[in-house]
Amino acid sequence: MPNNTTPCYFPSRASSISNDGLVVIRGAGDIATGIALRLYNAGFSIIMTEIERPTMIRCSVSLGQCVYQGAHQVEGISASKARDLSHAVELIEQGHIPVLQDQDLQQVSRLQPRYVIDAILAKRNINFHRDLAPITIALGPGFSGGSDCDAVIETNRGHHLGRVIYQGSTQDNTGVPGNIAGFSHQRVIRAPCAGQMRSHTQIGALVEQGELIAHVGETSVYAPLSGMVRGLLNNDIEVSKDFKIGDIDPRGAEADFTTVSDKARAIAGSVLEAMLHLQHRRAFKA
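The numbering used here applies: residue 1324 is where the sequence shown begins, and numbers increase by one.
Worth double-checking, as some hints may not be accurate.
[What the hints assert, rightly or not] Okay, derived cross-link-like pairs now, PhoX-like style, lysine-lysine, Cα gap no bigger than 20 Å in a straight line:
id	residue 1	residue 2
1	K1586	K1446
2	K1567	K1586
3	K1608	K1446
4	K1446	K1564
No wet-lab data here; the hints were simulated from the structure.
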């Protein structure tokens, strides 16, 4: 259980939030959201950060959707867009998870969190390092445990999904989407050209193969197979050719687009394990 005895640094006023229980999660997509929910339910205070226009496609289960809507809820836990650090702290004290547009963690570093987690899944390290916090954890390819961060979590589906690595790296990026009902690459919708994305359906809709899904610029995008639209990029985002703009779940009506995925839950449990292990190890050494 987090220690709540050390007051969290804040530039304008005292706060009941503790440094020891404060977790900053970089990214607020579906995997990051699974982590946030697990840690929130375990009693930690959470701040998530995002870019100016997030490009998650599983918007229904991504707390980062509050950047566009002001507020968003996943599995009964609410997130709100934070105007600044002061507002973020107020939101935490109100029981919400704040999402702050702070891509490089320049603002949240002033809060001196004990834990920082890189969950943007960029498949490479983008300015993430161990000096960001006493305990740093990263997800997937591009990081080395014990070097770039204190621990890295395996994100590739299979036997090692969720493995916590304290020394060394995860498996290389395969570039192959997870297999669902025998479909892998086929279920992913990619932009046929560069342009502005505009959808003609919504997440949760059941579509038939060949049905119009969206436009990128003036080019039509059709469903690659029949099933449920499980992911779809927000409208009016400029994308490059081959950018992932959505995905179809071939299970159709049996698919669940409203709750955190099995993969996100597995990774979230591993993050919590790594946090507690590293904290215990540090306390023992002290």
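Each hint tested on the structure:
With a C-alpha separation of about 16 Å, the suggested pairing of K1586 with K1446 holds against the 20 Å cut-off. At roughly 19 Å between alpha-carbon atoms, K1567 and K1586 fall within 20 Å of each other, so this suggested pair holds. For the hint linking K1608 to K1446, the alpha-carbon distance of about 33 Å lies beyond 20 Å, and the restraint is violated. For the suggested pair K1446 and K1564, the alpha carbons sit about 19 Å apart, so the restraint of at most 20 Å is met.
Consistency with the previously given hints fails for number 3 only.
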